[in-house]
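K.L.:
Chain by chain, the residues run as shown.
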Amino acid sequence: MWRYFLRRLGFLLLTLVVTSIIIFLVTRWLPGDVARVILGREAGEAAVAQVREELGLDDPLPVQYVDWVRGFVVGEWGLSYSTRTEILPLVTQRLRNSLMLAVVTLVLAVPLAVGLGVLAGLNEDRWVDSLISVASLSVVGLPEFVTGLILIQVFAFGFGLFPATSLISPDAGFFEALPSLILPAVTAMLVLLAYIARLVRSGVIEELKQPYVRTAALKGLPYRTVVVRHVLRNALLPAVTVLAISIGWLVSGLIVVENVFNYPGMGRLFIFAVDRRDLPLIQALTMVTVLIFAFANLLADMAYALLNPQIRLGE
Amino acid sequence: MVNHNGPLLDIDDLTVGYRQGERRLEAVRHVSLRIWPGQSVGIVGESGSGKTTLAMAVMRYLPPEGQILSGTIRFGDREVQDLSDRDMRDLWGGQIALVPQGARSALNPSMRLGDQAAEILRYHRGLSRKAAHEQARASFERVQLGDPERIARAYPHQLSGGMLQRVLIAMALSTEPALLVLDEPTSSLDVTTQAEILKLVRDLIRGEQHTAVLYITHNLSVVAQLCDRVAVMYAGDLVEDAGTRPLYRQPLHPYTRGLLDCVPVLGTTKHEVDLRPIDGQIPGPESRPQGCVFRPRCPLAIDVCETYPPLYDAGEERRSRCHRWEGIRAGELDPAQPVPARERTPPGERAGTALDVKDISVHFFERASLPQRLRGERGTVVRAVDGVSLTLGKGRTLGLVGESGSGKTTLARAIIGLVARTSGTIEFLDMAVPPKLAGRSRDIYSALQVVFQDPTDALNPFIGVGEALRRPVQRLRTEKVDDADQVVAALLESVDLSPSYALRLPDELSGGEKQRVAVARAFAPNPAVLLADEPVSSLDVSVQASLLNLLDQLQTEHGTAILFISHDVAVVGYLADDIAVIYLGELMEVSPASALFDPPYHPYTEALLASVPLLDPDAEQREVQLKGDIPSPSAKPSGCPFHTRCPRFLGDICVEQRPPWREREGGGKRYFCHIAWDDLVRQQERIFRFSETGKEV
Ligand code: SF4
Ligand code: SF4
Numbered sequence: 001m002w003r004y005f006l007r008r009l010g011f012l013l014l015t016l017v018v019t020s021i022i023i024f025l026v027t028r029w030l031p032g033d034v035a036r037v038i039l040g041r042e043a044g045e046a047a048v049a050q051v052r053e054e055l056g057l058d059d060p061l062p063v064q065y066v067d068w069v070r071g072f073v074v075g076e077w078g079l080s081y082s083t084r085t086e087i088l089p090l091v092t093q094r095l096r097n098s099l100m101l102a103v104v105t106l107v108l109a110v111p112l113a114v115g116l117g118v119l120a121g122l123n124e125d126r127w128v129d130s131l132i133s134v135a136s137l138s139v140v141g142l143p144e145f146v147t148g149l150i151l152i153q154v155f156a157f158g159f160g161l162f163p164a165t166s167l168i169s170p171d172a173g174f175f176e177a178l179p180s181l182i183l184p185a186v187t188a189m190l191v192l193l194a195y196i197a198r199l200v201r202s203g204v205i206e207e208l209k210q211p212y213v214r215t216a217a218l219k220g221l222p223y224r225t226v227v228v229r230h231v232l233r234n235a236l237l238p239a240v241t242v243l244a245i246s247i248g249w250l251v252s253g254l255i256v257v258e259n260v261f262n263y264p265g266m267g268r269l270f271i272f273a274v275d276r277r278d279l280p281l282i283q284a285l286t287m288v289t290v291l292i293f294a295f296a297n298l299l300a301d302m303a304y305a306l307l308n309p310q311i312r313l314g315e
Numbered sequence: 001m002v003n004h005n006g007p008l009l010d011i012d013d014l015t016v017g018y019r020q021g022e023r024r025l026e027a028v029r030h031v032s033l034r035i036w037p038g039q040s041v042g043i044v045g046e047s048g049s050g051k052t053t054l055a056m057a058v059m060r061y062l063p064p065e066g067q068i069l070s071g072t073i074r075f076g077d078r079e080v081q082d083l084s085d086r087d088m089r090d091l092w093g094g095q096i097a098l099v100p101q102g103a104r105s106a107l108n109p110s111m112r113l114g115d116q117a118a119e120i121l122r123y124h125r126g127l128s129r130k131a132a133h134e135q136a137r138a139s140f141e142r143v144q145l146g147d148p149e150r151i152a153r154a155y156p157h158q159l160s161g162g163m164l165q166r167v168l169i170a171m172a173l174s175t176e177p178a179l180l181v182l183d184e185p186t187s188s189l190d191v192t193t194q195a196e197i198l199k200l201v202r203d204l205i206r207g208e209q210h211t212a213v214l215y216i217t218h219n220l221s222v223v224a225q226l227c228d229r230v231a232v233m234y235a236g237d238l239v240e241d242a243g244t245r246p247l248y249r250q251p252l253h254p255y256t257r258g259l260l261d262c263v264p265v266l267g268t269t270k271h272e273v274d275l276r277p278i279d280g281q282i283p284g285p286e287s288r289p290q291g292c293v294f295r296p297r298c299p300l301a302i303d304v305c306e307t308y309p310p311l312y313d314a315g316e317e318r319r320s321r322c323h324r325w326e327g328i329r330a331g332e333l334d335p336a337q338p339v340p341a342r343e344r345t346p347p348g349e350r351a352g353t354a355l356d357v358k359d360i361s362v363h364f365f366e367r368a369s370l371p372q373r374l375r376g377e378r379g380t381v382v383r384a385v386d387g388v389s390l391t392l393g394k395g396r397t398l399g400l401v402g403e404s405g406s407g408k409t410t411l412a413r414a415i416i417g418l419v420a421r422t423s424g425t426i427e428f429l430d431m432a433v434p435p436k437l438a439g440r441s442r443d444i445y446s447a448l449q450v451v452f453q454d455p456t457d458a459l460n461p462f463i464g465v466g467e468a469l470r471r472p473v474q475r476l477r478t479e480k481v482d483d484a485d486q487v488v489a490a491l492l493e494s495v496d497l498s499p500s501y502a503l504r505l506p507d508e509l510s511g512g513e514k515q516r517v518a519v520a521r522a523f524a525p526n527p528a529v530l531l532a533d534e535p536v537s538s539l540d541v542s543v544q545a546s547l548l549n550l551l552d553q554l555q556t557e558h559g560t561a562i563l564f565i566s567h568d569v570a571v572v573g574y575l576a577d578d579i580a581v582i583y584l585g586e587l588m589e590v591s592p593a594s595a596l597f598d599p600p601y602h603p604y605t606e607a608l609l610a611s612v613p614l615l616d617p618d619a620e621q622r623e624v625q626l627k628g629d630i631p632s633p634s635a636k637p638s639g640c641p642f643h644t645r646c647p648r649f650l651g652d653i654c655v656e657q658r659p660p661w662r663e664r665e666g667g668g669k670r671y672f673c674h675i676a677w678d679d680l681v682r683q684q685e686r687i688f689r690f691s692e693t694g695k696e697v
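Heads up: the protein sequence lines correspond to chains P and U, in order. Position 304 (the first sequence) corresponds to 304 in my numbering; numbering is contiguous. Position 276 (the second sequence) corresponds to 276 in my numbering; numbering is contiguous.
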């Protein structure tokens, strides 16, 4: 297990190095002189040269790269070109919000998706299964802004249960923020739900056909025991992996959902940064996203290994 | 508990069907069978006989589309169909236990074996976690699994197939059930492992006075050695049911007779005995004939057979579903299938060499994984084939016997050129053969043909039979072919298929027919050598017999030399002129077929011969116990490769020094062992003696 973990970790570090180089190079080669972007079109040559000098834009590329990586690691993320403020607090603030949203989404999605998937799988081709399939497919067919707007109409304006927009003050605690999290989380969950439920369903159907299920049933174990102890563990394997990987998407890919609810998360910050050509901010956000995706992948691998003795025991 | 004076299991006129669309197909028809406490009953049948459906109906575990259409199953004094699901669960595992086939897939891959064994005790005995685990370990000990602690902690992928099968047996026995159902428990195991499992089951049957056994198998020899009674099934019918001895002595149903005549008996050869295949095929449930199901294939069929025969009571606790059983018992009627018309090849004189394999090795380099490399390990060399030399005489048959992992298939692939050999030479009709198929001339390619185990893989499903045969005829024959269609028709006829088969696709053929097409295709370019890699292993015994006859007949007609590779000593012994025994990539013994069954045997051959179940229930067979499992070819033992398991292990010399080849002047047998010829002869008794005929092998 440890060996497996170290190996995965090694791969992860390697990925990080490679992607960071790519990010660095791409932002350097983006058209447009960074100094000009900062100073505006009318700035004189001398001023531009000075800014270039300050930013170290004239150093050789490897030097710039090492500088940049070192800065990133020790938390010197520099100033945003557009807001003229420190990038680090800006990003951590948004990251915190996004993580909260991801957690709430997963808490809602996992039990529901697994429950529906197992129910559908155990009743393959019966009416429960068809109902779940039809319902989840019709939800997944709707784009997030439609489901989001419907939810707002019904629960915010109709019943007044939750706020329609999610203005979370920077120092609000999790529970203070919770009401504003529910609607966006439900919207994001609906995207995941059908997908995960289908995975669980096909996992259950596949495992039920395995000969070991017959062995377990013919031991005389109650049906519930056969399902919970024998079938689920193997059937959930693919879904667990996908869930872990989806963390990355939940944290930094919820651009539409965040926009619908005006949610101050990573996704919207990304759009903002790209809009303004705010290179340091883009770099920082991309690095954070890569880190999160890498971490989610590691989590997925570890979860898979934990559930699968063949890998855990390192054969 | 079953407190009851009658039979333990009483199946009465049972019919089981499967819904298929609108139709209801009967997989088991009008079966009646009783099992008494402590009795062991074998159910024998080929595929499509309904034996597995019967077993699952007894356990009331049919798939959703399966259904008991009529008849009753009583277990003790209760009718199984009437039980509630709850009562049924108390029976399962508690009173009736199943030992399934394919141990690896029959166990949960992500659960420790100790947990899997303990849960049955916790549920049926209400034991605490701790007590259940203790008992589970005790049950492992009972089936002679060494180190039960380790087994209990292990996951299925960490153990060998034979050990897993033991775990399943231990689990089934742990609640002391009244009825143990064994469903082909050795079907995926090697013959030496199978022998150990069978010995275990036999000892358990004899030791348990109260547990009754229902043993489902296709293997007539296994039940002969194991069971008190045998029931034979054919196309859903129970056709005969008798005590084991009387059944094998004098079957009272023509199908049973036919089945027995299809099995090559260990120690007999094609020169002395004919296999008598049963003409035709088992009908599927949708195409059963009127009246007796065996009628289209029966040599005794007469008009009266058009009415469905009852299970006649033939006295002496025997029953037969044949109208003519009395005539058969009185000896007035001969239920045997006709002797196939074939010239018996005289045990051919040696007429030069067709294929000469010299000192061939096939080593694979297995790269180390990243963590292994971090620990400074390099890759390992897998010595799949290690210095094998073989000579195949023109027109003769050389049998190569080995278990899984012996390298026999790799050797075959190296000869065909599908894997490149690492070293050694192959000479073929005095031509040097390059290692890779791509480097070989058309002459070599067309004169060295091959038939594989699985005919489904070998035939392209989109190419019709006629086209599949026409291609090699046109491309590979040396002489010019004017009328390819005519040659194709002749080829089909030579494998006993009608020329109309040319128009069919492989999917429309049965397994046996596909293999015939594969054989026809191999013979299409008139090869000098045919390499047959387990060509009959996936076939039912009656089909197998006809294929063996076919190979022999084609050999006689074409003078083709055959390298016949198999795990089945009886089949190889029957068909081959010479036999080579391979273990861990090296030859252990090379012997003329006639001498293989006489001492001295190489210690591995000895164990192999002692492992083969014999068809004669009264035959005496010596027991030879092997230690452990076959080692991996990547960690081959030093010295003699067999030393880790050898019952005649001599000590350091076997570990440190390579044994010499030993032989007698004048050719004949040679073997690879430190024990000298005379010593070995002195130490070894014959392995088996047959009863009835007094024939001693
Ligand atoms: S009943 Fe007739 S056809 Fe059937 S096995 Fe007996 S003799 Fe043959
Ligand atoms: S050399 Fe030794 S270990 Fe090998 S077969 Fe002979 S006695 Fe057994």
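A few of these clues could be false.
[As the list claims (entries may be wrong)] Counterexamples of contact, computed for chain P against chain U with all Cβ distances above 10 angstroms:
| no. | residue |
| --- | --- |
| 1 | Val17 |
| 2 | Val18 |
| 3 | Gly158 |
| 4 | Leu161 |
| 5 | Tyr212 |
[To be verified] With a Cα cut of at most 35 angstroms, we get these calculated DSBU-like pairs of lysine-lysine:
| no. | chain 1 | residue 1 | chain 2 | residue 2 |
| --- | --- | --- | --- | --- |
| 6 | U | Lys636 | U | Lys358 |
| 7 | U | Lys627 | U | Lys130 |
| 8 | U | Lys199 | P | Lys209 |
| 9 | P | Lys209 | U | Lys130 |
[To be verified] So, partial list: chain P residues that the calculated Cβ filter (under 10 angstroms) puts toward chain U:
| no. | residue |
| --- | --- |
| 10 | Pro211 |
| 11 | Lys219 |
| 12 | Pro238 |
| 13 | Gly253 |
| 14 | Arg268 |
Quick caveat, the hints were computed from the structure, so don't treat them as lab data. Predicted model only: the values in this text are computed from it and were never measured. We put the CB at the ideal spot given by N, CA and C, even for glycine.
K.L.:
All hints are to be evaluated individually against the structure, with a verdict given for each.
P.N.:
We went through each hint and held it up to the structure:
With a minimum CB-CB distance of about 17 angstroms to chain U, P/Val17 clears the 10 angstroms threshold, and the non-interface call stands. Even its closest Cβ contact with chain U, about 17 angstroms, leaves P/Val18 beyond 10 angstroms, as expected for a residue assigned away from the interface. Consistency note on P/Gly158: stated as away from chain U, and its beta-carbon is indeed over 10 angstroms from all of that chain's, at 45 angstroms minimum. The beta carbon of P/Leu161 is kept farther than 10 angstroms from every beta carbon of chain U, the shortest such distance being approximately 42 angstroms.
The claim that P/Tyr212 is not at the interface with chain U is violated, since a C-beta of that chain comes within 10 angstroms of its own (minimum 5 angstroms). Our distance criterion of 35 angstroms between C-alpha atoms is met by U/Lys636 and U/Lys358, whose separation comes to about 21 angstroms. Proposed proximity of U/Lys627 and U/Lys130 is supported: the alpha carbons are some 32 angstroms apart, at most 35 angstroms. Between the alpha carbons of U/Lys199 and P/Lys209 the distance comes to roughly 32 angstroms, so the proposed pair stays at or under 35 angstroms and holds.
About 31 angstroms separates the Cα atoms of P/Lys209 and U/Lys130, which keeps this hinted pair within 35 angstroms; it holds. For P/Pro211, the interface hint holds, the least distance from its beta-carbon to any beta-carbon of chain U being 5 angstroms, beneath 10 angstroms. The interface hint given for P/Lys219 holds, since its Cβ lies 4 angstroms from the closest Cβ of chain U, which is under the 10 angstroms cut-off. A hinted interface residue such as P/Pro238 counts as satisfied when its beta carbon comes closer than 10 angstroms to some beta carbon of chain U; here the least separation is about 13 angstroms, so the hint is violated.
Evaluation of the P/Gly253 hint against chain U yields a violated restraint, the C-beta minimum of about 31 angstroms exceeding 10 angstroms. Of the supplied interface hints, the one on P/Arg268 is violated, with its beta-carbon coming no nearer than about 40 angstroms to a beta-carbon of chain U, more than 10 angstroms.
In summary, the numbered hints that this structure violates are 5, 12, 13 and 14.
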